[in-house]
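Please arrange chain U on chain Z, whose structure you already have, making use of the hints.
Letter by letter, the chains look like this.
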Amino acid sequence: MRLTSMVFVLASIFYSALCWAQSSAVIHPTRLQDVRNAKKVRVCIWPDYYGITYRNPKTQQLTGIDVDMAQALAKDLGVKLEFVDSSFSKLVEDVTQNRCDVAMFAIGITPQRQAKLRFTQPYLASDIYAITSKANRRIKTWADIDQAGSVVAIVKGTLHEPIMRDRLKNAKLMVLDTPFAREQEVQSGRSDVFMTDYPYSQRFLTNADWARLVTPDSVYHITPYAYAMAPGDDVWHTRLEKFVTDVKRDGRLQTAAKRHQLEPILVR
Amino acid sequence: METRQRDGLRFFLAMVVFLAAVAAMTSYSLWLLRSDAVHSSLNASALMARSFENFLTQTISATEFSTTNAANQGSARTSAAHMGAEFTQLLRQAPHLRSLSVLDAQGRIVVSSNPANLGLSVTTQDYLPLVQQGQAALRIGKPWLGRDFHETDASGATSLIPVLYPLEEADVLRHLVAGFNPDFFVNHMLQQVDEKVGVVEIFRLDGLLLMSTRFQGQGAMPHSDDVAKLKLGEREFGQFESTFNNGQVMLTAFRVSSLYPFVVVSHLRRDVALERWHTEVQAILWVVVPSVILVLVVAVVLYRRQRLFKAQQAESQRLQRINAACVFDNSREGIIIASAEGRIIDVNAAFTRITGYSRAEAIGKNPRMLSSGRQDKAFYQKMWQELKTNGHWSGELWNRRKDGEVYAEILTISAVSDSVGTVQQYVSVFTNITAMKIYQTELEHIARFDALTNLPNRILLADRLQQAMSQAQRRQSLVAVVFIDLDGFKAVNDTHGHEAGDLVLTTVSSRMRAALRDGDTLARNGGDEFVAVLVDLLCRDDAMPLLVRLLAAAAEPVAFADMRLQVSASLGVSFYEAQQATSMDDLLRQADAAMYQAKQAGKNRYAIYQAACASEMQKTLVST
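Heads up: the sequence lines are chains Z and U, in that order. Going by this note's numbering, 182 is the number at position 182 of the first sequence; the sequence numbering is gapless. Going by this note's numbering, 236 is the number at position 236 of the second sequence; the sequence numbering is gapless.
Chain Z with its partners taken away, still in its complex shape:
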């Protein structure tokens, strides 16, 4: 009796464990199915990202290549689209905590991120650029940036943070985490430059008459950009991988890139 009951208990534990395992597999078979069931796909974006996913504070209108791409994805999946505001500092958290199904805002593939996220194939690749104030007397060329007395602003969590930490020897780094903070710091003269990439710099310069672009003399650090998702879901990854392949092949990516002047950094 003790033995049987023990066997029963063990069996029931095993079964229940089996059942739990089975049920959990049934509940999350794949995110693709979830998206279809929910009839909407949640896309994380960074609304300060010029040329990629930029929300104009005056009109609240979203524009950028990844706004177009997210719409294309929703259409391909046959579901509605929901944008979720995120940022590079919150990216890993937002994706892994299931606040969105995919992050689509030109996410640079870095080893730090790869440890926590899964990426599609790259679709853009950008070098690093600096933006300074036109009246700034300290920064004239790229070489003036890493000098004693210079202050370089970067946004927390962006791919620039580890790179600049690594590369800057003499300049002071100013890491910021509030919207548009790096622009304010440079404009007020509290920092000399802020680091950014090709899409942001291009779009930003067209609308900021006080700003000046500082380009590296040679290739500084090219980073491939892709879409990121939580790791472990092969079906969902395969579907997104297929989407990127599709938009590259059928020209939708190129059309959008052309629309947002990003053709020079397109990965075909």
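It should be emphasised that the hints constitute simulated quantities derived from the structure, not laboratory data. From a predicted model like this one, the values you see are computed outputs, not experimental measurements. Just so you know, even glycine gets a beta-carbon here, dropped at the ideal spot from N, CA and C. Some hints could be false.
To list a few chain Z residues with every Cβ distance to chain U over 10 Å, as calculated [said to hold, decoys possible]:
1) K40
2) K90
3) P111
4) R137
5) D192
6) R203
7) T238
Taking lysine-lysine and the BS3-like style, the derived pairs with C-alpha atoms no more than 27 Å apart in a straight line are [said to hold, decoys possible]:
8) K142(U) with K140(Z)
9) K140(Z) with K310(U)
10) K134(Z) with K80(Z)
11) K490(U) with K134(Z)
Below, chain U without anything else, positioned relative to chain Z:
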């Protein structure tokens, strides 16, 4: 030649005047455009100074309001750390501010948006305006060379302009220091004025440079002098041209802040302002210069053509004059050139030769002076009439020489008209034809008179008889035709020779002629035959005394070389009566027949022709 030179000089002067006028007009227009350009750029400079002054004043004023508000509220209930965070929050929307701090009474930073500033001392004695009794005034400090108070950077690459506001606190004296970011304002000004166009600078009223759009050497220039030149005590804004140390001319305008101790000075480069003017000058000159050259070329070409034409004209006139003068002087014909009013203008040598008047005597006179009076008034009237209608007249007339001799001339007068047909001159050409006229008269005489006796011959006789017959017809009178034949003439001729015969003929004929009346005609019919025509007879008997005298005249002896030669005459008479239509030939034949009867009857008598009974009517008269 002299005229040509004078013409050339006149043309040259005209061209110079034209060029001067064009140059003056062009220069004036360009000068106007230039002063316009300078003026409008000066205005732009003034507008800029005003706009920047306004922007800076407004910004400082708004900042003063918002920050002192925050500081006053904050100090009351929050800690220094919290207030610092609040300042940081304020800075987010204020790119014109570098930092915000609060100074305690000792001038130490007790609160700051930048934690690095805390505890630092800030010297504010030299901030403008200077205050003695602690008036609550906004004061502007010397630019701090460095990013913030905690940092100093002698290179001046980053600077900060501290502005001090007193905080309203009853017990403690505290100040708020706003670190103004000059780059923000410089950026703003650079939007309108970059280095290629000009410079905008903002000075504290003591001449200290606060900010400049010039990139290099903010402290390098002796700015206080510049500001002193503005004489800000007298006027707070103005505009003028100024020259920089490097020789660049600037269109300068300045304006003092309406609230704070600073002045905005804007300099626009004059050469840049005049760039458009330069292109305008080029464009205008590109149009004007080729146009002027074209006009000059055309004028020179026309002038040269006109000169050539004039020279050709003069040459042809000269040749014409030479020709005309040659003809005039050497002509055998007399030539008179008279004005339209009839005054003699010129005469040639032949005129003098023909008329005897010299050129000096003739000029100014009327050609009427040559008139002989042989032509009547009607003649001249006709001549003038023809001259007026046809433009020329030609004919013969008699004139009188200076010595009174009358001569005949053949004269052609031509009226010389101008292009509209008004008579300018009369040209008369004439030849003396007196000799011709005399010869002609001689020929006429020879044709009508007998050479030996100088009596009318048979041709003239026919004329005279015809006239007499017509006259008799009109007057109802009689004409007697007397056929005369000398008796015994042949014997005289044969015996004494032709000389004696000719003497007898001339003598007898002149005696017979003298026996007749003036109106009667005696003609020689040939040989020793004569015909007399007796006119104006009322009856046949009227003829009888004449017949008797004729017989007597014929029979009178003629002395010839100591001899007395004598002939007689046999006369045959026929009568022409108006009632009878007897022809001339019949009359002569009848007279001839009657003469024959007289011869038959014994000579030295007359016989009258009787149509019916010629013999009965025969009468004999014995010569006495």
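Now for the hints, and whether the structure bears them out:
1. K40: Non-interface label on K40(Z) holds, nearest chain U Cβ at 35 Å vs cutoff 10 Å.
2. K90: For K90(Z), whose nearest Cβ neighbour in chain U is about 20 Å away, the distance exceeds 10 Å, so it holds.
3. P111: holds (33 Å)
4. R137: Violated, because the least Cβ-Cβ distance between R137(Z) and chain U comes to about 5 Å, which does not exceed 10 Å.
5. D192: Per Cβ check, D192(Z) is inside 10 Å of chain U; nearest 8 Å; violated.
6. R203: R203(Z) is indeed farther than 10 Å from all Cβ atoms of chain U, at 19 Å.
7. T238: holds (44 Å)
8. K142(U) with K140(Z): holds (26 Å)
9. K140(Z) with K310(U): violated (79 Å)
10. K134(Z) with K80(Z): violated (44 Å)
11. K490(U) with K134(Z): violated (164 Å)
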